[in-house]
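Based on the provided sequences and hints, a complete structural model is requested.
Residue numbers (my numbering), protein chains in the order written: chain W, 1 to 253; chain D, 1 to 279; chain V, 1 to 357.
Please note that a few of the clues may not be correct.
[Said to hold, decoys possible] DSSO-like, lysine-lysine: derived pairs with alpha carbons at most 27 Å apart:
| id | chain 1 | residue 1 | chain 2 | residue 2 |
| --- | --- | --- | --- | --- |
| 1 | V | Lys125 | V | Lys162 |
| 2 | V | Lys159 | D | Lys70 |
| 3 | V | Lys30 | V | Lys57 |
| 4 | V | Lys34 | V | Lys57 |
| 5 | W | Lys158 | W | Lys249 |
| 6 | V | Lys30 | D | Lys70 |
[Claimed, not checked] Cβ pair distances, simulated, as ranges:
| id | chain 1 | residue 1 | chain 2 | residue 2 | range |
| --- | --- | --- | --- | --- | --- |
| 7 | W | Ser142 | D | Glu168 | 43 to 53 Å |
| 8 | W | Pro173 | D | Leu213 | 54 to 64 Å |
| 9 | W | Pro173 | D | Pro14 | 42 to 52 Å |
| 10 | D | Glu143 | V | Lys159 | 23 to 33 Å |
| 11 | D | Leu98 | V | Ser209 | 26 to 36 Å |
| 12 | W | Gln59 | D | Leu213 | 58 to 68 Å |
| 13 | V | Ser319 | D | Leu30 | 49 to 59 Å |
| 14 | V | Leu134 | D | Leu213 | 51 to 61 Å |
| 15 | W | Glu123 | D | Glu143 | 51 to 61 Å |
| 16 | D | Leu206 | V | Lys61 | 34 to 44 Å |
| 17 | V | Leu134 | D | Val247 | 29 to 39 Å |
| 18 | D | Tyr264 | V | Glu32 | 31 to 41 Å |
| 19 | D | Trp185 | W | Gly129 | 50 to 60 Å |
| 20 | D | Tyr264 | W | Glu123 | 53 to 63 Å |
Since the hints were made in silico from the structure, they are not lab data.
Nothing here was measured: the structure is a model prediction, and the numbers come from that model.
Think of the CB as a built atom: it goes at the ideal place given N, C-alpha and C, for glycine as much as any other residue.
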Amino acid sequence: MTEISVRNLWMEYGDQIVLERIDFDVAPHSFVSLVGPSGCGKSTFLRLLLSQEQATRGQILIDGEELPPNPEPDRGVVFQKYSVFPHLTALENVMLGLELDRGGFTGRLYGRAKRRAREEAMEYLGGVGLAAAASKYPSALSGGMQQRLAIAQALIKKPRILLLDEPFGALDPGIRSEVHDLMLRLWWENQMTVFMVTHDLREAFYLGTRVIAFDRVRKREEELERYGATIAFDTPSDPAPFVTELAAKDAAA
Amino acid sequence: MALSRSGRLINKHPGSAAGRLLAVLPFALLLLAYAVGSDIRLSENPNDKLLPSFSSLADAVERMAFEPDKRTGDYLLWVDTVASLSRLGGGVLLATLLGAGIGITVGLIPYARWTMSAFIAVFAMIPPLAVLPILFITFGLGETSKVALIVFGIAPFMMRDLALRVSELPSEQIVKAQTLGASTWHIAWRIVLPQMMPRIIDALRLSLGSAWLFLIAAEAIAAQSGLGYRIFLLRRYLAMDVILPYVFWITLLAVVFDFILRRYQVWAYPWFVSERAQS
Amino acid sequence: MKLFSKTLVALATSMSLMVAGASSVNAEEKKEFKLAWSIYVGWMPWGWAADQGIVDKWADKYDIEIEVVQFNDYIESINQYTAGAFDGVTATNMDTLAIPSVGGVDTTALIVGDFSNGNDALILKGADSLDAVLGQNVNLVELSVSHYLLARALETLGKAEKDVAVVNTSDADMIAAYQTDDVTAVVTWNPLVAEILEIPGANKVFDSSDIPGEIMDLTVVNTETLADNPAFGKALAGAWYETMSIMLSDTPEGAAARAAMGEASGTDLAGYDMQLASTQMFATASDAVTFTTSESVTSTMESVRTFLFERGLLGDGASSPDIVGIAFPDGSVLGDEGNVKFRFNADYMSMAADGSL
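As structure tokens, then:
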């Protein structure tokens, strides 16, 4: 179970303050939606969570420990685009996490180890409904399939935290609701904490168990540089009906 | 041939048969112009060397390719071809390895980028032919300096091109790879290098023309065999009957290499071709 | 399709006319002539004579125009002449035979300006006898007079070219090449010889003064053009010997002329005088006539044509060196009398000697 604490976080680029006084705790197995207008620093916050950048001041603690300085497999990520590798087939994309882990210097597996990794990866591919597309390259997959592939690729590392940066923003509405339910099921089954940046409030409230909005408090032109965005509101959200069903099913079992 | 009333030139396309005919046309015209020009000159001076007749070109090919040379007993065209291609191959291979190795390092590692990219950019501007004496004294007058000239000629371009291609990879990929447990080395080896392979082929195709140029320049300066050596040697005697078939042969080799590289790229990196088609 | 085939014919015709146009140095009387020359000690007078208006003065006298064009590339100037773009060119006796004459362009040696008397040399690194060259790589411009000099040097040892390994090396890079470790023997010409001999350990073991008169620097013209336009030959001979009388005189004007020629060839008065010292310039037309009409020219051309024949440079169909005829001032012919393409002609030099120009 993973608990996250954000302690008085500030992010500045030179003189420009982007985020200030970000301070909150997240309970284990939360689904946190981050919303806010463009430029409010929600993607910056995600990069800090990833260790892609370092905060100017303040701390992020995971189970009481400070974040490592580099992106690590404990935090998986799915971006809006470019999350999967174009030179690998769907199966190879999912296997990559296992190969890098077990393949040593070459980052490749051979023989029996490779077969085992392939079987494991096929399970994850099946879990996102892509078993039939295992040998296809991403360029032959639709946008929705690519995002499902990216999720499977991240999940095979069993991350404690999954970070989603507008992951469904480029999808058609029909496809999007399908992927929403898939996402909720995976979140429920894997018992991880999800942070999702989105600009779609409906999506934020539908998926999230908690919705945090970043915004600038001071909006006058001359104040923009010296004051960053901070938490504008922070509210719990009811789990989606689909999650309630999942919970009921679990309880029955 | 008159344009139809409604057709604007920019919107008119030839059919497939006509298209093929149009493609052949400039070649046919060139050949015809050569034949006529050669005929006129030869009727004025039967020994004219500038535009030899097709039959004397054929004789020269026969002599260079299929008869042993009177003095050395070698089949000169093949000896020259082997000599040139091994120099070209060595130079291009070395330049590619350097270009890929340094290009990827510079494109991927910020410290390498700060150290090397300005240097490479400046180095790439040095005309290699102008510093030939330094190459000679460093690498001697033998095969090494010829290969070195090709490497100096094309490696800086390949380094810069590949560094640029690496930096064009979305940063999301690099972050994602790290979240999958990749080290810096893993990223270079499993993420960047495989994606650079088809781009290396692109860079190679663009560089091959210059590589030939540098090869021929190197062979013109000091050599005992080679396609460029023969051309420059025979130029002393205006032996166009041999030079023209050699030029044709070099052109043919270059076209064939380009074709093979293009085909190989499509065959070995299907993902790249469809990526490119989408973007 | 009719339009198409018409266009094709028109295009082909215009292209072939363009090509043929270049060769239209046809035999007919004309007023404008072009002479090509390249930078070499024995040919520098042409550049200077053109600058000083001496060429124009003589051309005016015969009511013609002569354009004097400098080439940076010697071989290209001969090729251009052979292809028909020029009426005359400066060349050695060997290159004249091998390029225009073998190429079917009947060519006359109008002026024998000088012969190399030490300007071409075989230099060894760290050895001072000629026989040390055996078994070595020898860097030189293949098929040039350097190559000929090497062949003659080996003959004096009773050896042949197979006893060394020739490496074709561009003259522009000869000095740099000499400084690399794998180069131990070179044959080249001045001013490169002088440069290389300044490097410690360089020894001259054979030079053109060992074969005097065999490497001649000529001004050659198209025979047909000359036959139809004697004025062209007269103007050139007149201009040449007037220039000789100035530049070779021991006067301030002579020194100034030589200094200008030295500068134009990238050196100075001292450097140019040094090159002249190893060049046997014919100061007067009568000296040149004496040389040209001597027996030695015939024996030189015999040895030159044998050298060329052995290397396949008299044409690949050539069954003997006789294929191209070479005519001498006394009317004798070496080789095929029906195919004379190279003529030594002393008439115009004699006119200059007589003062009848």
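> Do the beta carbons of Leu134(V) and Val247(D) sit within 29 to 39 Å of each other?
Replying inline: Holds - the Cβ-Cβ distance for Leu134(V) and Val247(D), about 37 Å, lies within 29 to 39 Å.
> Taking the beta carbons of Pro173(W) and Leu213(D), is their distance inside 54 to 64 Å?
Replying inline: holds (57 Å)
> Is it true that the C-beta distance of Leu98(D) to Ser209(V) lies inside 26 to 36 Å, as the hint says?
Replying inline: Roughly 50 Å apart at Cβ, these two residues miss the hinted range, so it is violated.
>> Hint check: Lys158(W) vs Lys249(W), CA-CA at most 27 Å. Holds or violated?
In response: holds (23 Å)
>> Given the hint of 51 to 61 Å, is the C-beta distance from Glu123(W) to Glu143(D) inside that range or not?
In response: Holds, since Glu123(W) and Glu143(D) (Cβ atoms, about 56 Å apart) stay within the stated range.
> Hey, Lys30(V) versus Lys70(D), does the alpha-carbon distance stay inside 27 Å?
Replying inline: Violated: Lys30(V) and Lys70(D) sit about 45 Å apart, past 27 Å.
>> Run the distance test for Lys125(V) versus Lys162(V): straight-line Cα separation, threshold 27 Å.
In response: Roughly 20 Å separates the two Cα atoms, so the pair holds.
>> A range of 31 to 41 Å was offered for this pair. Does it hold for the Cβ distance of Tyr264(D) and Glu32(V)?
In response: violated (57 Å)
>> Between the beta carbons of Trp185(D) and Gly129(W), is the distance compatible with 50 to 60 Å?
In response: violated (34 Å)
> In this structure, is the beta-carbon distance linking Ser142(W) and Glu168(D) contained in 43 to 53 Å?
Replying inline: For Glu168(D) against Ser142(W), whose Cβ atoms are near 24 Å apart, the range 43 to 53 Å is violated.
> Does the Cβ distance between Ser319(V) and Leu30(D) fall inside 49 to 59 Å?
Replying inline: violated (35 Å)
>> Given a hint of 42 to 52 Å, does the C-beta separation of Pro173(W) and Pro14(D) actually sit inside it?
In response: holds (44 Å)
Going through the hint list in order, the structure does not satisfy hints 6, 7, 11, 13, 14, 16, 18, 19 and 20.
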